Amino acid sequence: MRVIRRQLLTTAVAALSACSAMPPGQTLELGAQRLSYTRAGPAGRSPVVVFQSGLGDGKSVWAEVIGRVAPEMAVFAYDRPGYGQSGNVPVAAAAPPRDPCTTARELHALLRATGVRPPYVLVGHSVGGLYQYAFARLFPGEVAAVLLLDPTHPEHWARMQREAPAAARLVGGLRATVFAPAMQAEFDAQARPECLAELRAAAPPAVPVRLLVRSSFGLGEGEAFQDLARRLEAQWPALLPGATRRQVERSGHYIQKDRPDVVAEELRALVKATAAGPAAAAP
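Here my numbering runs 59 ahead of the position in the sequence shown, where the first position is 1.
Some hints could be false.
[Claimed, not checked] The following label-pair restraints were derived from C-beta to C-beta distances:
| # | residue 1 | residue 2 | range |
| --- | --- | --- | --- |
| 1 | R164 | Q306 | 17 to 25 angstroms |
| 2 | R305 | A154 | 32 to 40 angstroms |
| 3 | Q220 | A332 | 32 to 40 angstroms |
| 4 | G174 | E214 | 34 to 42 angstroms |
In short, the hints are calculated from the structure, not lab data.
Predicted model, so just to flag it, every value in this text is computed and none were measured.
A virtual CB, placed ideally from N, CA and C, is assigned to each residue, including glycine.
The task is simple: from the sequences and hints, build the whole structure.
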């Protein structure tokens, strides 16, 4: 999660322009939540590409990528609670924390409720990459492949505070002053110990895993932060065995916006490789 470079004003403008390119959305009541989702692509096509957005982003952040791949593959994207057209995050004291495990289970339930069957090619950006990692660990039999874009490592925030304290202070200031409630809830629960312990104990899927990382950093992301980011990138094969890394030229943190062509290219390669294999059957 590289929230330092979020560029609040330009992100809002980009999101508005992307919305018009998204396929029509639908809403569904799932428990106490109203969730907005989009399905596109050929009916019955498998595997299904499932997108998960980063902190503060709705599904429209994937508009350019979906526009490129939907003619040839089935896709699914949604707004998490508090984002886009979905309802707000529950505020009741009994509401579960917005940690990666909760979010992964929420997405799993939404896929089932909307009739989107496995196998899935999981795509996640920033903290959405952490959430898709959690999904892959919790539901390995339903995953065909994983594509992560500049993903948040489970230890990212803890190590950032120790190894890049100046950047951590800036993020802490943003959290206190500009993060919306949904962003605060997710940020605060990203490294919830109970969830991370559950993920460590679960076996990862034996599927292709591709990591796309940026080639440039933004203001506030100094040398200490950059060094930490590269070290954490190198640790992903230990979390998802077999993960391979590609540094995307002419790209910042928002690889799906800067280089949608590369993301589409990687998706085509993954879908082609997995579609010929045995389908991951749901229990």
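Could you work out which earlier hints the structure fails to respect and list their numbers in ascending sequence?
-> 1
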